[in-house]
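J.: Line order of the protein sequences matches chains E and X.
Quick note on numbering: this note's numbering labels position 120 of the first sequence as 120, and the sequence is numbered without any gaps.
Quick note on numbering: this note's numbering labels position 65 of the second sequence as 65, and the sequence is numbered without any gaps.
Any given hint might turn out to be false.
For the chain X half of the interface with chain E, some residues (derived, Cβ under 10 Å), not all of them [unchecked claim]:
#1 F11
#2 R12
#3 L81
#4 R93
#5 Y102
#6 L106
#7 R134
Hints are computed from structural coordinates only; laboratory data are not their basis.
Here the structure is a predicted model, which means the values were calculated and not measured.
The beta-carbon is built from N, C-alpha and C at its ideal position, and this holds for glycine as well.
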Amino acid sequence: MNLRNIAVVYRKELKDSLRDRRTVISMIVVPIFLMPVLTIFVGVLSARLIGRAMLEVPSVMIIGGEDSPQILAALHALQDIQVVPATPDYGQQIIDKKIRAAVELPPDFDVLIAHGDTARVRIDMYQGEINSGFGADKLQKFFRDFRERTIRQRLEARHLPGNLAEPLLVEETNVAPPEKVGGVVLGGLVPYFVIILALTGTMYPAMDLTVGEKERGTIETILCSPISRMNLVLGKFLMVLTASLSTAALAVASMGVTLAAASKMVGGLSQISTMGLQFQMTPRSVIWVFAMIVPLAVLFSAALLAISLFAKSFKEAQSYLSPLTIVVIAPAVVSILPGVELNARLSLVPILNTSLVCKEIVSGTYHWGYIALIFVSSCVYAAVALWVAIRLFQREDVLFRI
Amino acid sequence: MIVAENLGKEFRDKDRGVIRAVGNLSFCCHPGQIYGLLGANGAGKTTTLRMLATILTPTSGTASVAGFDIRQEPEKARQNLGFLSTATALYGRLTALEMVEYFGCLHGLDRASARRRTLALFERLDISAFLDRRCEALSTGLKQRVSIARTLVHDPPVMIFDEPTSGLDVISARTMVDFIRECRASGKTVVFSTHVMSEAEKLCDTIGIIHDGRLLAEGSLQELRACYGHADLEEIFMRVVGG
C-alpha cells in the first residue's frame, strides 16, 4: 500500500467529482436542504389543513329529537356548529363530505333525562377525515358537558354531594424528559434520513468513478499508469466515502438545526408542548450518530463501488443500485416501527442495527455494549465489502466487461 | 527495449468457450527503433499491446519492458513506458494542465517537478494557450496533443502506441506520425500497431505481420519485399495472411 499514491488519486477524484454538478447536488445540496424543506413543507401544509379544519363551522344534522325541544334548542344554540335540515341519507352525506357529522337522538330524549333515565345518543362521523373529526369532537364536547351538568342536577335534587359520582381521579404524569419523549416519537426518523442520505450520496460518485471511467474510456488511461490497482481502488474508495460521510454529516447538521428551529416554533402550540415534543439533538448525540454512521458509510461506499465496477454501463449500474435502495430502506423503516427494540441478535443485522442504535442515541440512551457490538460488526461487514471491491479491481473480465 | 517471449492470451467466453486472442508471440524491439505490428481488426494487436502495457496479464509466456518482467514487476514496467491508444481518453473535468500533472504525480514526480515538466511539454507541443481549459472542451487535435504530453511527462524509455492515428484527421494524424518519429530520434523504444499499410511503410524499422493472434512474418520492409517478391506492403500482407 502506497499512501502517497492513494492520496494522489484521492485528490484528483475529489477535484474531479466536485466539478460534477450531479455529484455536488447529491453530496451537498440534497442533505442540506432536504430536511428543512420537508419540515417546512410538511409543517406548513399540515398547519394550514388543521387550521382550516379548526376554523370551519361544521354542518351537522340532528336525526330525531322532534319530541325533545329542550335538547334541540340547546344544540341549535351552539355557535360552533351549523345545524342543517335532516335527510334520510345523512350517512351518505357524511361520506360525500357534504355534512361533517350527524347526531341521532333517541325518542323522548327530554323525558328520559327528566326522569333520571339513560338516553343513548349516537354520533355519526367519517373516521380519519379531519373535518368530520372536528365536527364530531364539538358534538362530543357538548354532550360531555351536558352529561356532567345533568349528573350534578340529579345529585343536588337528592341532596347528595357533587363528588359522589367521582370516587377517584386518575392522573397520568410523564416522567421522561421532553428530549427522550421526542426521541421516541421522532428519533427514529433521524437515522432513517441519515442512512438513506449516506446511501444516496454514495451512489452517483461510486458510478462515476468506476463504470463512468469505463464509459468515458479513461479506465485504460489510468490502468497504464504505474499505480497499483489496490492503491487505485483505495483512492477511489476514499473519495466515495468522503461523499457518503459529507452527505451524512451535512444531513445530521441540517437536521439538528431544523429540529432545533422546529422545536422552538412548535413550542408555542399548547397541544404539542404538552406531548413533550420539544425534541432536540444534543451535540453529544450528533457526534455519536455520526460515529455509528461511519462504518455503515464504509460498507455503502465499498459495496456500491464494487457493484458499479461490475456494470458495463451507467444504465446497467443504475439498474443494479436502484433495488439496493429498497434493501437499505426496508431495515431503516423497520427500525421506526413501534416495539422494535435493540437486542443482541438485531445488533448483528447490518443497517437495522445502526438505525436502532441511533434511535436510542437520539433519545439519550447509550447502551455501550450494543454500541460496541454494532460498531465492530459494521466494521467487519465494511471490511468484507472493501475486500470484494479490491478483488474486483484485479479482475480483467470485470474491468473490460464490455 | 521490449522483448516478448511466447506471449499468449486466452479469454473465456460463456458461449464460445476458450478463445485464443494471442498465441506464442515473440519479438524484440531495441532502443531507437520502431517496431510495427501490422494486422487486420481482431488480429490480436490491441491484446498484445495491452499485455505489454500490463493492462492485461498473459496466460502464457512473458515479456520485458525496459528490463522489467511484465509478470514479475508490472508496476516498474509501467513506470518505464508511455501508452497511447484511441481508448486512452482524458479526464474531461480536469484541465489539460491538471491532467498531465496528475499522471506526472502517478509516475512518482513531486508536484513541482510534474508542473515544470508539463509546462515544458505544453510549450514543445504548442498547447500552452490551452493549459487551463478543461479537456472536455478541447478539440480532437488538442486532446491528442494533451494525450501525447500525458505519455511523455515521465520521459519513459519505451513508448507503445495502439492504432494512434485511428479516427484522426490528416493534420492530427501527421502530428502523431511526427511525434512517433521524434520518439525514435530521441532513442526511445517504440512499438506501435496499425492496419494502415502506408503508416507502417513510412515509420517502421521492423514490421511484424500478425493474424489470428500469431506472428506470421517479421522483418524490415526491404527484407519482407525480398522474401515475398513484392514491393507493395499490401500485397505482401495479403500473401502472408493468405487472403
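J.: A separate judgement is required for each hint: does it hold in the structure or not?
T.: Right, here's what the structure says about each hint:
1. F11: holds (8 Å)
2. R12: holds (8 Å)
3. L81: holds (8 Å)
4. R93: holds (4 Å)
5. Y102: OK, holds: Y102 of chain X within 10 Å of chain E, min 5 Å.
6. L106: Since chain E brings a Cβ to about 4 Å from L106 of chain X, closer than 10 Å, the hint holds.
7. R134: holds (8 Å)
Every hint from the earlier list agrees with this structure, and none is contradicted.
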